[in-house]
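Residue numbers (our numbering), protein chains in the order written: chain A, 482 to 751; chain B, 24 to 197.
Everything hinted at is true.
27 angstroms max Cα-Cα, derived BS3-like pairs, lysine-lysine:
{"#": "1", "chain 1": "A", "residue 1": "LYS681", "chain 2": "A", "residue 2": "LYS723"}
{"#": "2", "chain 1": "B", "residue 1": "LYS145", "chain 2": "A", "residue 2": "LYS677"}
{"#": "3", "chain 1": "A", "residue 1": "LYS488", "chain 2": "B", "residue 2": "LYS113"}
{"#": "4", "chain 1": "A", "residue 1": "LYS717", "chain 2": "A", "residue 2": "LYS733"}
{"#": "5", "chain 1": "A", "residue 1": "LYS522", "chain 2": "B", "residue 2": "LYS145"}
{"#": "6", "chain 1": "B", "residue 1": "LYS145", "chain 2": "A", "residue 2": "LYS620"}
{"#": "7", "chain 1": "A", "residue 1": "LYS620", "chain 2": "A", "residue 2": "LYS677"}
{"#": "8", "chain 1": "A", "residue 1": "LYS690", "chain 2": "A", "residue 2": "LYS733"}
{"#": "9", "chain 1": "A", "residue 1": "LYS723", "chain 2": "A", "residue 2": "LYS733"}
{"#": "10", "chain 1": "A", "residue 1": "LYS666", "chain 2": "A", "residue 2": "LYS714"}
{"#": "11", "chain 1": "A", "residue 1": "LYS723", "chain 2": "A", "residue 2": "LYS690"}
{"#": "12", "chain 1": "A", "residue 1": "LYS690", "chain 2": "A", "residue 2": "LYS714"}
{"#": "13", "chain 1": "A", "residue 1": "LYS677", "chain 2": "A", "residue 2": "LYS514"}
{"#": "14", "chain 1": "A", "residue 1": "LYS514", "chain 2": "B", "residue 2": "LYS145"}
{"#": "15", "chain 1": "A", "residue 1": "LYS620", "chain 2": "A", "residue 2": "LYS681"}
Just so you know, the hints here were simulated from the structure itself, not pulled from any lab data.
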Amino acid sequence: MARKKPKLPRGTLFAGLLIAGLILLLLPQNITKGLNFLFLKLFNPVLSIGRSTTLEFSTLTPPLANFVTRDEYNRLLAEYDNVWAVLRAEHERYEKLARIRTGLPGPGPVLVLAEVRDVSVSGLKQELVINKGQADKLKVGQYILGKNSIIGTISETSETWSRIRLLTDVGASIEVGIWNGKEKKYIRGQMVGDGKDSGKIPLISREHKIRIGDTVYAAARTGLLETPVVIGKVTKINPDEKRPLLWDITVKPFQDAQRLSYVAVVVIEP
Amino acid sequence: MRWVRFSIVLLVVTLLHAGNLLNTISVSSFNIKPDLLLILLVFLAINCDPSEVIIVSFAIGFAADISGSSMGPYIISFGLFGSLISQMRKVVIMKRMVHQAAAIFVTGLIAGGLAQVLAFFKFKTGETASNLHVVLSGTALYSGLVGPIVWLLFSAISGWLGVHKPRFARSAKR
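Given only the sequences and the hints, what does the whole structure look like? Please build it.
Here it is, written out as structure tokens:
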């Protein structure tokens, strides 16, 4: 004898599923994010098919001994700019310490190396997923280094995985300083992502002399970044169309973060 | 509907949707690519039994959410619009490719927009993507253009999935 399937009325079914969806929507992200990370962990090998990463430099033979690849050039340039930023910060610190020693020096930053497990890039979000999380003392807001330059900040963490919001993400906003070599000072601003491959620094007065090629640094922040670290270079500078007294500055990050295999998280011990 | 087979198809489409493979056909600097889950939603909403469409729509929404970064927005959005398309097919016949493309485009725009609004309420961060309209309309348009081709693929496996022939096909033969 054929068994008759129990059938829910359509309205009840729809209402039940809609309520379930609403519950999921209203639950805090801290609770539901586990599902998203679980999906990423389970299907990571399949999801990463088709992702292109840079070739390791050591595997490449340069055509001429005096030349390096663009990738290596950017890495070295970022390192050079960082050394200068550290030197400047150390110099300022020395000047202060020479007068008065205010306290004992704190422990320095620790770099936690992490593997990039997933890349998600669209006009609405630009993020990486890495295989380190709260277990390695990673927290929301910490800065991420990709080959010596800052590429983003941590936006979400789980016990073992974290999500990184790239600087080019439309929701990214980071305090920066444009180094002015002539005046020997940083011009402070807030960089926001453009959803493509660059960042924009709005609200900078045209009184400041900024030129194409000026280096942009992530500003030092207590507990997150001890010294300014390089982000990229100013690639375009025009008067703001809506506010002619301000600059419209475009910054191109040194690294194409989507092609990185490994990144380092700047963890500063309290 | 054969639910185990549907689950397999949904998993494959979700992995394609969330993975990096489709980046090869992405366009513009916004990396716009077709939304396969949206095409599957419209296809099944038009071809399945209305009771099944409700479950299918919410399941596709769940898949879209779990492969993204937050839970809830797409379940509600796809659930609502999948069920709505299922009701609309009684008045609008979507047999021609142009109609299918238009249905995918419109659903992509409205359902995508609703999902973004719901995500905004979930996070309450005050962030709004300045290029949201470009990405939404671009994705909907690309999905609409690619939709009829993917539709043919889904049609080819519809028998295996246990999807019944649409009513308008039978009436057209008369």
